[in-house]
Amino acid sequence: MEPPPTHDDKDSNDDDDIVVLHASLAFARLNQRPTSTTGPNKAIDLALDFLTVDIPLLPDRLHVLRSLELLLTAILDEHPDCLRIDDRSSYRPLVAAYPSVQHVLRAVGYTSSSATSLVLSLDQVDQSVVSHALASVKRRNRGP
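This note's numbering applies: residue 1 is where the sequence shown begins, and numbers increase by one.
For the record, the hints were derived by calculation from the structure and aren't laboratory data.
Glycine included, every Cβ here is placed at the ideal spot set by N, Cα and C.
Certain hints may be false.
Unchecked claim - Just the calculated beta-carbon pair ranges, DEER-fashion:
#1 A135 - H63: 18 to 24 Å
#2 R139 - D77: 17 to 23 Å
#3 D123 - P56: 16 to 22 Å
#4 D60 - G39: 27 to 33 Å
#5 L118 - R142: 25 to 31 Å
#6 R106 - E78: 18 to 24 Å
#7 R66 - R88: 17 to 23 Å
Let the hints inform the model, and build the full structure from the sequences given.
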């Protein structure tokens with residue numbers, strides 16, 4: 001049996017190992033979920049798993065989850081300013097910085113005029129979907 005190859009760029013391998021580890025953990029969580037989860041709730045859970053992989057550093061992820069919690073709470077409280085995320089929205093930097101946030105918002109029901117547009121709007125609020133998303137975000141926001 002041959003010894004594993006040596007690498008001169010150890011930091012690069014460490015970064016790759018961290019990404020692989022986070023992806024493996026996310027997929028392991030997916031496999032542990034009950035198979036009865038369907039529809040929008042499953043899409044939300046998958047989007048939040050992607051967020052975990054997309055934002056591997058816990059402090060950054062907790063900051064994003066807190067922001068999502070505030071947004072989802074505002075939706076349930078029927079604040080009209082959270083129904084459209086555009087250049088003037090305080091949530092725009094969050095959506096622009098992390099693709100996974102856009103996946104979570106789309107799972108909740110936000111849509112855009114094109115696949116590349118960062119202007120998102122929520123035309124119809126499904127209270128049960130938003131409530132599930134909020135509960136899922138709160139669970140993950142507690143940290144390890």
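(message) Verify the CB-CB distance for L118 and R142 against the hinted window 25 to 31 Å.
(response) holds, 29 Å
(request) Could you see if the CB distance from R106 to E78 stays within 18 to 24 Å? (result) Distance hint for R106, E78 holds at roughly 21 Å.
(message) A range of 17 to 23 Å was offered for this pair. Does it hold for the Cβ distance of R66 and R88?
(response) holds, 21 Å
(message) Quick check: does the Cβ-Cβ distance between A135 and H63 fall within 18 to 24 Å?
(response) holds, 19 Å
(request) May I ask you to test the hint 16 to 22 Å on the CB atoms belonging to D123 and P56? (result) violated, 33 Å
(request) Could you see if the CB distance from D60 to G39 stays within 27 to 33 Å? (result) holds, 29 Å
(message) 17 to 23 Å was suggested as the range; check whether the CB atoms of R139 and D77 agree with it.
(response) holds, 20 Å
In summary, the structure is inconsistent with hint 3 from the numbered list given earlier, while agreeing with all the others.
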